[in-house]
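Chains as they are written, first to last, in the numbering used here: chain A, 1 to 246; chain B, 247 to 492.
Treat the hints as calculated values from the structure; they're not laboratory data. Using N, Cα and C, we set each Cβ at its ideal position, and we do this for glycine too. Check the hints yourself; a few may be wrong.
Stated by the list, open to error - Covered by chain A, according to a simulated footprint, are these stretches of chain B (three or more residues, beta-carbon under 8 Å):
# : region
1 : 363–373
2 : 467–478
3 : 483–489
2 protein chains.
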Amino acid sequence: MLSKNKIKYIQSLHQKKQRDELQLFVAEGDKIVQTILQQKPGLIHSIYALQNWQFANRNLLKNTEVIIVTNDELQRLSAMQTPNQVLCVAHIKSAEVQENPSQQWVLALDGIQDPGNLGTIIRLADWFGIKEIICNIGTVDCYNPKVIQSTMGSFTQVNICYCDLHNYIQSHKNVKIYAALLDGQNVARMQLNTQNGIIVIGNEGNGITQSIIDLCNTPISIKGKGKAESLNAAIATGIILSHLVK
Amino acid sequence: MLSKNKIKYIQSLHQKKQRDELQLFVAEGDKIVQTILQQKPGLIHSIYALQNWQFANRNLLKNTEVIIVTNDELQRLSAMQTPNQVLCVAHIKSAEVQENPSQQWVLALDGIQDPGNLGTIIRLADWFGIKEIICNIGTVDCYNPKVIQSTMGSFTQVNICYCDLHNYIQSHKNVKIYAALLDGQNVARMQLNTQNGIIVIGNEGNGITQSIIDLCNTPISIKGKGKAESLNAAIATGIILSHLVK
């Protein structure tokens, strides 16, 4: 049986402040824990699972220790409405800028607030082979349980850094900086001859900060024909990546 | 003050069975009710709003009657965790197939389950000027409160029909039928010379029903490079529409 202190300690990781202090986060669910075990086993700090899950995953687990919990205990540990057999506590990797946008695509996010959107964007970056996401301070924490959930495990494949996006872009003014705006070039008709640069996606409601727009040299748009006024940030990211990243 | 019966009656519309019986549904929130008032005022059956909302929207409302409710009452009527000033009860339009895929694009959905995905897909159809969505029986009800919420009002612009998708496609075998599959032609590199046809999107987990795949003459795919195993159905729809619908 789990002690009250242990339960409190895991619940506390649902809060950013505690995650920052302990450099740990919680990842939940069968698929996500399996992905970490397969792709980044070194991240795992501890696993809490139902007995059945441990048995079903014995080959993947090898000698990794599992703390067996009851359904009730899992419910208390979980940030989800319907917990799913297993959760793990994992180490936060210290994320420093790794890729150079003069050689690679880098995705830059300015103030994405919705955890589901950020998770979906991380999954999209992984899908299109983008290795680095730079988040402006003010973007939701990528270790938020809902973000981790929506990545479907892709957070293990993408380096995610938080920094002052304005400074970052200013120090890379020599590359193409694509900004998703309302009045840019139609992304569906662009002829690209490069496979590098920075793609900037703005906040769901307010778009990209003006001082960052001022640094962008290649405004792009997704042209619509109907009466819908906007697209959600994750949808816009998917469409833009599918046209730019070949 | 609202009677208990009135509250029960509106709450009952959060259930599909009642919506089908009464041919009414609930649409919530400032933006969505405003969109209905602007674009399809004839759909409105009754409006329940905070006093402030009525005052702020008096020009849009003209002579439309509003039933003033308190915050507490709105909370009880609403299907949302955080209700937003106003909800309306609206008439379900009887949806019959209107567009012909030999002249227009038609979007066909096979068993989309997630209300947020269906709502986002309706918003995407509106964005790209698609006027008709055909849903296979088994697709989540488009008048589900979460679907209506996620459309951001776009449900007023798109005709949505539920029918046997296999029969529908079989009766349109003369047009291009694009199916989103894992091993189709790369949609980002297709050269299209038509602007009509049926685009089929499958269920989030299981894809498209085999008997429907068998009828599709143009398999398409979104090619990825990373380790992500799939894209969410709404994201896939956005990417595919952005490449096919010009």
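Hints and how they fare:
By the rule of at least three residues with a Cβ nearer than 8 Å to a Cβ of chain A, the coverage given for the region 363–373 of chain B holds, with 6 such residues. Only residues whose C-beta sits within less than 8 Å of a C-beta in chain A count toward coverage, and the region 467–478 of chain B has 10 of them, enough to reach three; the restraint holds. Judged by the Cβ-Cβ criterion of 8 Å, the region 483–489 of chain B is covered by chain A as claimed, because 4 of its residues qualify and three suffice.
Of the hints listed earlier, there is not a single one the structure fails to meet.
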